[in-house]
Structures are given as C-alpha cells and as structure tokens.
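Asks: Here are the chains, one letter per residue:
2 protein chains.
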Amino acid sequence: MSHPAVHPVEAPPPLTTENAAVAAPRVRMKDLQGMAGTPGGLVLRLFQSFFAIGAFLVMSTTSDFPSVTAFRFLVAASGLQILWSLSLAMLDIYAILVKRNFCNCRAVSLFAAGDVITSTLIFSAACASAGITVLIGNDLQSCSKNHCAQFETSTGMAFMTWFAALPSFLLNFWSLASR
Amino acid sequence: MSHPAVHPVEAPPPLTTENAAVAAPRVRMKDLQGMAGTPGGLVLRLFQSFFAIGAFLVMSTTSDFPSVTAFRFLVAASGLQILWSLSLAMLDIYAILVKRNFCNCRAVSLFAAGDVITSTLIFSAACASAGITVLIGNDLQSCSKNHCAQFETSTGMAFMTWFAALPSFLLNFWSLASR
Numbered sequence: 000m001s002h003p004a005v006h007p008v009e010a011p012p013p014l015t016t017e018n019a020a021v022a023a024p025r026v027r028m029k030d031l032q033g034m035a036g037t038p039g040g041l042v043l044r045l046f047q048s049f050f051a052i053g054a055f056l057v058m059s060t061t062s063d064f065p066s067v068t069a070f071r072f073l074v075a076a077s078g079l080q081i082l083w084s085l086s087l088a089m090l091d092i093y094a095i096l097v098k099r100n101f102c103n104c105r106a107v108s109l110f111a112a113g114d115v116i117t118s119t120l121i122f123s124a125a126c127a128s129a130g131i132t133v134l135i136g137n138d139l140q141s142c143s144k145n146h147c148a149q150f151e152t153s154t155g156m157a158f159m160t161w162f163a164a165l166p167s168f169l170l171n172f173w174s175l176a177s178r
Numbered sequence: 000m001s002h003p004a005v006h007p008v009e010a011p012p013p014l015t016t017e018n019a020a021v022a023a024p025r026v027r028m029k030d031l032q033g034m035a036g037t038p039g040g041l042v043l044r045l046f047q048s049f050f051a052i053g054a055f056l057v058m059s060t061t062s063d064f065p066s067v068t069a070f071r072f073l074v075a076a077s078g079l080q081i082l083w084s085l086s087l088a089m090l091d092i093y094a095i096l097v098k099r100n101f102c103n104c105r106a107v108s109l110f111a112a113g114d115v116i117t118s119t120l121i122f123s124a125a126c127a128s129a130g131i132t133v134l135i136g137n138d139l140q141s142c143s144k145n146h147c148a149q150f151e152t153s154t155g156m157a158f159m160t161w162f163a164a165l166p167s168f169l170l171n172f173w174s175l176a177s178r
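Residue numbers (numbering that gives the first Met the number 0), protein chains in the order written: chain V, 0 to 178; chain F, 0 to 178.
Hints are computed from structural coordinates only; laboratory data are not their basis. Errors might be hidden in some of the hints.
No copy labels: a pair is met if it fits in one copy or bridges any two.
To be verified - Lysine to any residue pairs mimicking SDA-like chemistry, simulated, CA-CA at most 25 Å apart: (1) Lys144 <-> Ala176; (2) Lys98 <-> Phe168; (3) Lys98 <-> Phe162; (4) Lys144 <-> Pro65.
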C-alpha cells in the first residue's frame, strides 16, 4: 500500500502542464493531518471506535431494544462501524510505525468508499433512533414505561460517531480529488 | 458570478509548477456534467425539486402529521429543499442561456455548502420518518389506524430527493478540491 523507491529511477520527463498537475499533490497529501496513515487520522479512528462502542453497549444492554427495528439497526450499524474503525486504526498505527503514508490512489479510494458506507449507515441509524426517541419522549409522553435515558445516550453517541467519521471521509475524498 | 474577459489581458507569467496546478482545472471544470451551470446540473436540480415537492405535498395532506415531530421535520426539510433547488435551477437556466459556467471558486463553495446542509437535513428527516413508519407498520402492526401508505410514499420521495441531491454536492466538492 505504501510506495517505497525500489524501482530503478528513470530520467524525469520535461515538466509540462500535465505532469505538473499530477506531481504537485504528492507533496500536499503528506501535509494533510487526519488522513489515513497520519497521527490525526489515528485519533479520528480512535474517537469513532470509542463512540461506536459506547452506542453499541448502551443500546444492547436495554431489555426492549429488539422490539424496535430502528434500535436493532443502530446496534448493527455501530457494530459495523467498530469493526471498520478498529481495522483502520490498526493500519494507521502500522503506517506511523514504519513512517510511510498511503499515497496509493486505490487504497485511499477504498478507505473513502468504506468511510462513506459506514458513516451513512451510522447516521441513518442515529436519525431513525432519534425519531423514535423523540416520538416516545415528547409526542407520546411515555418515558416512564421505556428506557428513554439509555435510548437518548445511545443515539447521541451514534451522532458523535458520525461527527468523528465525517472528517475522515472528507479528507480522503479531498486528497483523492486533488490528485 | 461568471468571469467575462473584461480585464485587460496581461502577459502570461512563465509556467511554473504552481501556476500549472492552478491553471489546469479551469479546463476540466467545463467538462463536468452535473455541475452548476450545466444542463446535467439543471436536470439534477429539477429532479430534486420534483421529489421534494412530492414528499412535501403527500406528507402535508395527511391529517395526523403534526402529532409526530419527525413528520413535521420532514415537511420543513422538504420545504427548504424545494426553495434551494428551485433557486439553483433558475441560476442554472440563466447560466445556460448566457452560455457561461460558474468558474468562480466562492460561488461553487457556496453551492457545495448549501447542498451539504439541505441534503443532510432531507436525509435525516427521511431516516427519522422511515424509523417511525417501520415502527407503526411492522413493530406495532397498527397501519389500519394510520396513513401508512402516505407516510411511506413521502419517506420514499424524501430518499429520492437525497439521491438526486448527492451528485450535485459531490461534483461541486470534487471541482472545488481539484482546483
């Protein structure tokens, strides 16, 4: 995934407009904190994992979450987010330890695609849970019979996961577009 | 917002790496169909308006939508989306008629910001409504007492609005990043 200089170095071609536009972002990509393979990116991944684990645990410990489809969806989406964020965090740790960054276009586009899928899932699950939590709490006024506090905590943590996942996606997409 | 050549033309500076990276995307931006100021962009805006108007009308004609917060939110979000998409559609028609495109960075970033706000709102409203519609239909099995068909139609149209709004945002963001 990283690009070590093992290939024999060719004589550089004359610098045309085309070459300059392709070559310029190589320098820029190293500077973007928060991208895959940087300490900022690792921090974002750890925040995502932390909030997703929180949402997962709080929701799955309520007794009546399986009776509502949206709450089951939240548990599934946060579980997927945990797997994705922890895997990417491990890749980031590896990249930091060997002091390489992912300047491979295919790897970055794979990360961007995974980020957009997991963050869309967790956001839609959070919105659906928020809709039902507000319905139970405000519209039906039946918080006394339900675990409103736990539903609200879990929904809030799912939104925090999304907030932490958004910069990862946007930075990967930006670095892909600015190549 | 468009850039007519009214300024006196200066002698072009020598083509360095920096200049080439800035100058190259000017050509690329004209080619991207679906961006603001292109027929593809106008078609996207018209699809957004059509689906948002559908979601707004179907939901606001049910008698019991004001009792659920998520449905009120869906009506508000689709109303905002209608205003935004119709305004941008008019700007697109103007740009096509005068045969200019928006190569101004500030205009494109404004469009991208507006797109991300309206599409996030309509997506969260659609998810919240979907959560409640599934709760009523599948979990509580009380479709006979509620307007399930209308809720489902409106939610589906809100999702279609989001699908039509996504390419507009991604293309504007991409052209912003590839400058």
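Asks: Now tell me if each hint is right for this structure.
Replies: To see whether the hints hold, each was checked on the structure:
Within a single copy, Lys144 and Ala176 get their C-alpha atoms no closer than 50 Å, and across copies no closer than 50 Å, so neither meets the 25 Å cut-off. When the C-alpha separation of Lys98 and Phe168 is checked against a cutoff of 25 Å, the pair qualifies only within one copy, where the shortest distance is 22 Å, while the shortest distance between copies is 34 Å. Taking the shortest Cα distances, Lys98 and Phe162 never come within 25 Å of each other, neither inside one copy (28 Å) nor across copies (40 Å). Proximity of Lys144 and Pro65 under a CA criterion of 25 Å is satisfied in both settings, with 16 Å inside one chain copy and 24 Å between copies.
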